Amino acid sequence: MAIEDALRELNHDPRFAGSIVHRAGSPAQPARLAPLPAGLDARLAAALEASGVASLYTHQALAVAAALHGEHVAVVTPAASGKTLCYNLPTLHRLLQDPDARALYLFPTKALAQDQLAELGRLTEILGTGALTAGAYDGDTPASQKPRIRDRARIILSNPDMLHAGILPQHARWATFFANLQVVVIDEMHAYRGVFGSHVANVLRRLRRICAFHGGDPQFLLASATIANPDDLASRLVEAPVTIVGPEHNGAPQGQKEILLYNPPLLDPALGIRRSNTLEAASLTAHFLAHDVQTIVFCPTRLATELTLTYVRDQAGGADRFKANSVRGYRGGYLPLERREIEKGLRQGNVRCVVTTNALELGIDIGQLDAAILEGYPGSIAGARQQMGRAGRRQSLSAAILVAGAGAVDQYILAHPEYLLGGAPESALINPDNETILSEHLACAAAELPFDAGERFGAGTPELLGDLTEAGLLYAGGGRYFWGGEGSPTAFGLRSSSPDRVVIQVEAAGESPTTLGEMERASASLFLYEGGIYLHEGATHLVRRLDWEAGIAVVEPQVVEFYTRPTVDEKVEIISEAARAAAGDPIAYTAAWGDVRVTSRATGYRILRRSTHETLGFGKIDLPEQLLDTQGCRVELSAELVEALRAEELWLADPNDYGPGWPARRNEVRARDGYRCRGCGAPELPGRQHDVHHLVPFRAFVANPALRPNLTATEAWQLANRMENLVTLCSSCHRRAEASVRTRTGLEGAATLLAGLAPLFLMCDPRDLGRVTEVQAPDSGLPVITIYENIPGGVGYAQQIYARMPGLLSAALEVVERCPCENGCPACIGPVPDHAYALDAKSLATELLRRLVAAHSAG
323 MAIEDALREL NHDPRFAGSI VHRAGSPAQP ARLAPLPAGL DARLAAALEA SGVASLYTHQ
383 ALAVAAALHG EHVAVVTPAA SGKTLCYNLP TLHRLLQDPD ARALYLFPTK ALAQDQLAEL
443 GRLTEILGTG ALTAGAYDGD TPASQKPRIR DRARIILSNP DMLHAGILPQ HARWATFFAN
503 LQVVVIDEMH AYRGVFGSHV ANVLRRLRRI CAFHGGDPQF LLASATIANP DDLASRLVEA
563 PVTIVGPEHN GAPQGQKEIL LYNPPLLDPA LGIRRSNTLE AASLTAHFLA HDVQTIVFCP
623 TRLATELTLT YVRDQAGGAD RFKANSVRGY RGGYLPLERR EIEKGLRQGN VRCVVTTNAL
683 ELGIDIGQLD AAILEGYPGS IAGARQQMGR AGRRQSLSAA ILVAGAGAVD QYILAHPEYL
743 LGGAPESALI NPDNETILSE HLACAAAELP FDAGERFGAG TPELLGDLTE AGLLYAGGGR
803 YFWGGEGSPT AFGLRSSSPD RVVIQVEAAG ESPTTLGEME RASASLFLYE GGIYLHEGAT
863 HLVRRLDWEA GIAVVEPQVV EFYTRPTVDE KVEIISEAAR AAAGDPIAYT AAWGDVRVTS
923 RATGYRILRR STHETLGFGK IDLPEQLLDT QGCRVELSAE LVEALRAEEL WLADPNDYGP
983 GWPARRNEVR ARDGYRCRGC GAPELPGRQH DVHHLVPFRA FVANPALRPN LTATEAWQLA
1043 NRMENLVTLC SSCHRRAEAS VRTRTGLEGA ATLLAGLAPL FLMCDPRDLG RVTEVQAPDS
1103 GLPVITIYEN IPGGVGYAQQ IYARMPGLLS AALEVVERCP CENGCPACIG PVPDHAYALD
1163 AKSLATELLR RLVAAHSAG
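Heads up, our numbering is the position in the sequence shown plus 322, with the first residue counted as 1.
The set of hints was computed from the structure by calculation and includes no laboratory data.
Being a predicted model, the structure only gives us computed values, none of them experimental.
Heads up, some of the hints might be wrong.
Claimed, not checked - In silico DSSO-like links for lysine-lysine, alpha-carbon gap of 27 Å or less: (1) Lys-942 to Lys-893; (2) Lys-468 to Lys-666; (3) Lys-432 to Lys-666; (4) Lys-666 to Lys-579; (5) Lys-468 to Lys-432.
What the hints assert, rightly or not - Using C-beta positions, here's what the derived DEER-type ranges look like: (6) Glu-1136 to Pro-349: 29 to 37 Å; (7) Ala-900 to Pro-336: 53 to 61 Å; (8) Glu-1136 to Gly-568: 28 to 36 Å; (9) Asn-647 to Ala-1176: 57 to 65 Å; (10) Asp-590 to Pro-1005: 37 to 45 Å; (11) Thr-758 to Ala-1125: 20 to 28 Å; (12) Asp-590 to Asn-647: 37 to 45 Å; (13) Pro-336 to Thr-758: 51 to 59 Å; (14) Glu-1139 to Pro-835: 54 to 62 Å.
Glycine included, each C-beta is placed from N, C-alpha and C at the ideal position.
Let's have the full structure, built from the sequences with the hints guiding it.
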């Protein structure tokens, strides 16, 4: 009754009810059952009956029957539908029938492997045979135990990373295992998308190659959340036909679920400013906790997770109420023992609320929660449904609430709820033949077994073998290719982040250092910079130092009421173009896609008050540049379009003429500020003077008579160049400041919309994409918007953006025209500085998009 009371009060409480913009529900569904498939080992049937299972759900029966016939099978059904039994039964059947048979289970995370190891243990205990031994073989397995597990376990539970770096390169020691490997289970198939999935597809190519060498030919059994292209993804992963048991076959019972789409209240309708969805999600969580409803809160980032955790504890009654650890955080970077403790607490009910990233989106057993709160749209329909499905794992009422953010994507979802609630889930895209990825695995394959010249291992194999030989990584002899490089070719990681990690150590006065957690190196510059605040389980730590070379960050516990957020400079360089097309007559813009190099560097950070998010100060970050070779799509405005907008006073991005007195005034400002950046405090260095920036843009005074009533243009210049409107900034802070006012050209507003809406067209995670906006691109001098893939080498998103550019432009125009704000807001072109209102930033962006859409319509 607790969840019913909580929902009833929520729907009638004026504090919350007015923000619920859409309600939907899914009714309870009874189970659909089918008998155990004929031919299933009698010992398994008896064990199931002893545990109270006399029949299977319809999808389980179909999947097991297909597997018993020797087919590769993929089960694609909703969360909590019993997919584990779909692969456990046929696997155990094989092992019971053949005492030499082996099986390999692959999971995307070590936590899932541990979870499923316990499930297997329960099933084999009921069977009452000691012959079906299973063991986890991953990075957490003690070295002393690995030989015993390798030689004796008949079921090995691992992950693609360990298979890639720790098992396949040592295949000679695993000869017996590979010769008898009959079943490979791939759980959470939908997680293998993008760069990770492309790598995993190549690891599986190497696995099949090794099995064939040792005389094995395994069957593949896959399980996945609902996606749009399970057949395509499964067949590309295993490179063979796969039988799909889809959601239409699902026979699992389903409890009633109430789904709410929630828009935080507007604080300023004219500016489109809403209450933070982080604070609103915390308030809703506190509401459910007050009714003792066990709740999970999904957050988009690690920082949001830690901030939300502190807000939930504060709003639900303060830290004292939760001294027994009933409200916990959960994310990557926590130590394994800490994560296992939290998972156990959720299953036992001691943990009443967990605030997490998508780390708990996958099928780890965390018990039966009653409410799931999503702090913003997670970026995909499949992800949203997975997160909503983490509540209601029994035949009773549950709730799922999407608390929208202020951005364009979240607001688009609220305006089109059918997209999320009724639309098809996205496709999981992979590109195993990406040249960068494929060449890395070709080198690994050659190191594992010499590569025959005629052997095929993905598209472009002969050319890539030649390239690797020319680079000195392989050498040819007798019609075969051999590994000739130094060390191991498996040093690269399978995921978008670096395999290299930074260890986080706590130093407290009078105590020895202890390990708090770890983080991939690629993220360390965003979270572990010196002077920054690192949050762990809601506790604040000051980063004392970061030893980049040694991979160690030292933090010190400090209670503070602020947090820090880094600022990152980015630039993009074109390497090559794969396609290019112009639109309009005369040409309004040119779209192109191809290879690009993105250079990014964390240069500084803001200090923000935790309760209000107001900026309290700045700090400087001095860390190396990060290089990303990937693919991008660019939209380049034509000189003719810019000239037309300029003639109608709709283009305001040309260089300014600050008047004859500007050099002297500039030097006055620098001297007044002590030749230091007012943003981060950095002093001027020899040979490079700091810049001087107009707080209210210079062009605002010149372009808008409202700011200079009864003044001539010359007098307006003088007004703009007053000392109080000028500030000294280093080049990095100046670029950031200019980016914040670039909406006055309409270009940045259009870029914000295009990059924000692109994931909806691609059905990818927003974090898979980045963007760079240049008013004057170095190569052409023209305005350019570049949307790039946050994935080394790219997996095809840039090409899709290029192909779907007309629809993307039209959607962006629809959003900005429909948005009720006056001058621009986070729901359309992004936050707009006060001084930009005089220049009507929203109108400029709208007009620019109209002309781009019209140009395409005109051909």
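Hints versus structure:
Pair hint Lys-942 plus Lys-893 holds up; C-alpha atoms about 19 Å apart against a cutoff of 27 Å. Straight-line distance between C-alpha atoms of Lys-468 and Lys-666 comes to about 26 Å, which keeps the hinted pair within the 27 Å bound. A threshold of 27 Å between alpha carbons decides the hint, and for Lys-432 with Lys-666 the separation of about 15 Å falls inside it, so the pair holds. The straight-line distance between the Cα atoms of Lys-666 and Lys-579 is roughly 25 Å, inside the 27 Å bound, and the hint therefore holds.
A C-alpha spacing of about 15 Å is found between Lys-468 and Lys-432, which places the hinted pair at or below 27 Å, so the restraint holds. Here the CB-CB span from Glu-1136 to Pro-349 is close to 33 Å, well matched to the stated 29 to 37 Å. Take Ala-900 and Pro-336: their Cβ atoms lie about 55 Å apart, and the range 53 to 61 Å holds. Hint check: Glu-1136 to Gly-568, Cβ distance near 33 Å, so the stated range 28 to 36 Å holds.
The hinted range of 57 to 65 Å is satisfied by Asn-647 and Ala-1176, whose Cβ atoms lie roughly 59 Å apart. At roughly 38 Å, the beta carbons of Asp-590 and Pro-1005 sit within the given window of 37 to 45 Å. Between Thr-758 and Ala-1125 the CB atoms are about 22 Å apart, so this pair conforms to the stated range of 20 to 28 Å. For the pair Asp-590 and Asn-647, the beta carbons lie near 39 Å from each other, so the given range of 37 to 45 Å is met.
With their beta carbons about 55 Å apart, Pro-336 and Thr-758 fall inside the hinted range of 51 to 59 Å. Checked against the hint of 54 to 62 Å, the pair Glu-1139 and Pro-835 passes, with Cβ atoms roughly 57 Å apart.
The earlier numbered hints are all upheld by this structure, with none contradicted.
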